[in-house]
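> Heads up, the sequence shown is in UniProt numbering, so the first residue is 1 and it goes up one at a time.
Hints are not guaranteed to be accurate.
[Stated by the list, open to error] With a straight-line cut-off of 20 Å between C-alpha atoms, the simulated DMTMM-like cross-links for lysine to aspartate or glutamate are:
#1 K250 with E170
#2 K145 with E187
#3 K305 with D276
#4 K183 with E141
#5 K273 with D235
#6 K145 with E170
#7 K183 with E154
#8 K250 with D203
#9 K305 with D265
#10 K145 with E121
#11 K179 with D236
#12 K171 with D127
#13 K305 with E289
#14 K145 with D127
#15 K250 with D188
FYI, nobody ran anything at the bench for these hints, they're computed from the structure.
From a predicted model like this one, the values you see are computed outputs, not experimental measurements.
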Amino acid sequence: MPSLNDIRARLNQRGVDITPSAWSPTKQKSISSSQEKASSSTAQNIGLALTEAHKTNVAQDTAKASTPDQTLTNDANSQEHEHVDSSMQNATNPGPSSSSLAGRKAALEAKNGVKHPLQNEWTLYVDMQRAHGTFSGDQYEATLKRVGHFTSLESFFDTFATLRRPSRQEKNSNYHLFKNGVKPMWEDPVNAAGGRWIITLRDRGRTAGSRLVHEALLDRSWMWLVLALIGETLDDNDLVTGAVCSLRGKGDRIAIWTRRKEPIDELNAMGEKLLDVLNLQHEPSVQMEFSFNFGSKDKPHLYTKKSMAGLASTAPSA
Numbered sequence: 001m002p003s004l005n006d007i008r009a010r011l012n013q014r015g016v017d018i019t020p021s022a023w024s025p026t027k028q029k030s031i032s033s034s035q036e037k038a039s040s041s042t043a044q045n046i047g048l049a050l051t052e053a054h055k056t057n058v059a060q061d062t063a064k065a066s067t068p069d070q071t072l073t074n075d076a077n078s079q080e081h082e083h084v085d086s087s088m089q090n091a092t093n094p095g096p097s098s099s100s101l102a103g104r105k106a107a108l109e110a111k112n113g114v115k116h117p118l119q120n121e122w123t124l125y126v127d128m129q130r131a132h133g134t135f136s137g138d139q140y141e142a143t144l145k146r147v148g149h150f151t152s153l154e155s156f157f158d159t160f161a162t163l164r165r166p167s168r169q170e171k172n173s174n175y176h177l178f179k180n181g182v183k184p185m186w187e188d189p190v191n192a193a194g195g196r197w198i199i200t201l202r203d204r205g206r207t208a209g210s211r212l213v214h215e216a217l218l219d220r221s222w223m224w225l226v227l228a229l230i231g232e233t234l235d236d237n238d239l240v241t242g243a244v245c246s247l248r249g250k251g252d253r254i255a256i257w258t259r260r261k262e263p264i265d266e267l268n269a270m271g272e273k274l275l276d277v278l279n280l281q282h283e284p285s286v287q288m289e290f291s292f293n294f295g296s297k298d299k300p301h302l303y304t305k306k307s308m309a310g311l312a313s314t315a316p317s318a
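All chains, full assembly: derive it from the sequences and hints.
Right, here's the structure in full:
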């Protein structure tokens, strides 16, 4: 993955309008309809630029991890652990190129107080479900730990620079990214009438090489989803309330939560767009399905259900 400075540099290269005049919080309080459209467009450009910055490095990340039957020695594990624990900020070490210099300039601007607000505020939680079974809402909420809240690109960078990649978290742990004011719980009134698009990623190879490929895919998919959400490039109808990345023994999962179960055609379109944004259409051993949070499950066949391992089915919406 590129460094945070590289992401900042690519924002500048994409010509994203992040000047103080365009992003002034005081001006946004009395924003006009035309300004609101411009702000939304800029937020989407940020999401596209951020996602593109990561996509350009996928081939390198995957190539490094795709050697068949690769043996993981203790030294290799140690080096990888050190590499990951340094988090995204030290994921790459670019030389003094024009990109890195531009990134340093952007970082200096941020240090001097220049802020680039996001369209929505987001809160990040982590939890570790050490025991299986049914939890009450209060018991589950007690396991949640808030690890970040961000309203701008700068606070997003600051938050994610401190985190481990999902693949380095313990099994049964979860990252939860939700819009401010929404709890990552089915019981939250915003989520109660909705559902979830769930993408399951399984490592079927069971070799050292396939494990590394799987981990790279999980980390990449979660990062791209986060960037798409904060950049407002995934959801045009305010359906999404948040996203979850879950590490599980039978298959790691990435999900987006929606505030409604209908209209079905819009949710199916979002599911297709999700696969496209994450570039998972042709990944083997990937499955996607829609699940309700609460209520009747008598129409599951109306939602797109896909298996990228060679099977695919899409039922027409009613």
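> Within 20 Å, alpha carbon to alpha carbon, are K145 and E121?
The hint holds at about 17 Å.
> Between the alpha carbons of K171 and D127, is the straight-line distance 20 Å or under?
Cα-Cα ~11 Å, so holds.
> Starting from K305, check that the Cα of D276 is at most 20 Å away, please.
Roughly 15 Å between the alpha carbons, so the hint for K305 and D276 holds.
> Compare the distance between the alpha carbons of K250 and D203 with 20 Å, and conclude whether the hinted pair is satisfied.
It holds: about 9 Å lies between the C-alpha atoms, which stays within 20 Å.
> Within 20 Å, alpha carbon to alpha carbon, are K179 and D236?
Status holds; Cα separation ~15 Å.
> Holds or violated: K305 with D265, Cα cutoff 20 Å?
Distance ~13 Å between K305 and D265 Cα, so the pair holds.
> Is it true that the CA of K145 sits at most 20 Å from the CA of D127?
Measuring from Cα to Cα gives roughly 6 Å; hence the hint holds.
> Check whether the Cα positions of K273 and D235 lie no farther apart than 20 Å.
holds, 9 Å
> Does the structure keep K250 and D188 at a Cα separation of 20 Å or less?
The hint is violated at about 27 Å.
> Can you confirm whether the C-alpha distance between K305 and E289 stays at or below 20 Å?
holds, 5 Å
> Would the pair K250 and E170 pass a check requiring their Cα atoms to be no farther apart than 20 Å?
Within the cut-off at roughly 14 Å; holds.
> Straight-line Cα separation of K183 and E154 no greater than 20 Å?
violated, 23 Å
In summary, the structure is inconsistent with hints 7 and 15 from the numbered list given earlier, while agreeing with the others.
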